[in-house]
Amino acid sequence: MTCADVHQLLGPFVDAELPSPMLLAVARHAGTCPTCDAAVRELTDLREAVAGAVEAAVDGLDLSGVWQTVERAIDRTEARDRRVRHLRRAGTWGAIAALAASWLFLTPTTVQQTEHRAPVAVARVAKRPTEIDRLTGRVASFQREPKTGAPIIWVNYNPDDAR
Amino acid sequence: MGPSDWELVQRTREGDREAFRVLVERYQRKVAALALGMLRNREDALDVVQETFSKAYQSLDKFKGDSSFYTWIYRIASNLCIDQQRRDAKMPQATSSTTDDDGAGEDELPGALREGGDLGDPFRSARDAELARGIRDAISELTPEHRAVILLREVDGLSYEEISQALDCPKGTVMSRLHYARRQLQERLRRLR
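Chains as they are written, first to last, in the numbering used here: chain A, 1 to 163; chain B, 1 to 193.
Calculated from the structure, these hints are not laboratory results. For every residue, glycine included, the Cβ atom is placed at its ideal position computed from N, Cα and C. Any given hint might turn out to be false.
[Said to hold, decoys possible] Restraint ranges, calculated between C-beta atoms of paired labels, are given here:
| hint | chain 1 | residue 1 | chain 2 | residue 2 | range |
| --- | --- | --- | --- | --- | --- |
| 1 | B | 4 | A | 42 | 35 to 41 Å |
| 2 | B | 66 | A | 103 | 24 to 30 Å |
| 3 | A | 64 | B | 58 | 20 to 26 Å |
Using the sequences and the accompanying hints, generate a full structural model.
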């Protein structure tokens, strides 16, 4: 093994990444060649210098609060995930409520259109107080547009109501 | 001997937060060494350490155990460091005042390398301090990819295979980057000596 061969293998040699036969061959050569031996020493010195400079700098870092900060971040993430789950669930409830509300209000609107009498429509709606009570203030509410009397359905979501 | 990383990962997945705490405390120093070497700024390094573990917790379901936990953690950390450096590179004036290049970070020097440190010889200490600063300067002049390789190898002692997994690049690339980074650092050190 020549110096040129060894020079190519110096890095993997000091990193102990060579197969055993090559590792031994490089070690044997470096043991008898002052130039290659110096090159090996230079690499190991570099490692010590880099590791020493960085490791000692880490000693100056206060890592005592890392876990607390990580835990707070985890709490925030989990709270956000819970909100997203509630919203998804609420979306389902909202859709159900919207369907129920449309069923509830389509009939009076039709009556209104055929009879052209808004008060009748109100009266028809008013005939279903249980349905209105069920929806109003919980997941859906309705109002009438003041001028035209057209029904407006508000579907609201409150996570606490969905539980 | 404590529980293995894999066992702690499994327990964390089952909702045992204390298990994750053990993992954090086991690796926070190593991740900090990588982050500090990559970023040279204490606040940024601490942010990266915290973000690394927060991300790891969120992505724990994706960790299949193909690599070791610490390789996986290093992968998250080195990506965060590289992202941070790219952000810093876009706004150099915003961060230059908080790095130790201007001497403001003198307190980050190794205790034994500080002037008047334990060595007893102030001239030698000053010289060592200069050397340590020179090393850190030389590391910071490398590209983020070269910096990550040299730190993972020289500070954290990862094998080529582990570095390759952590940085998601072929082993040959690891070797060539390491060779280049070492040559650069050696040239710098020769000028300092």
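Going through the hints against the structure:
1. 4(B) x 42(A): 35 to 41 Å: Since the Cβ atoms of residue 4(B) and residue 42(A) sit about 38 Å apart, the hinted range of 35 to 41 Å holds.
2. 66(B) x 103(A): 24 to 30 Å: Between residue 66(B) and residue 103(A), where Cβ atoms are some 53 Å apart, the hint is violated.
3. 64(A) x 58(B): 20 to 26 Å: holds (23 Å)
Checked against the numbered hints given earlier, this structure breaks only hint 2.
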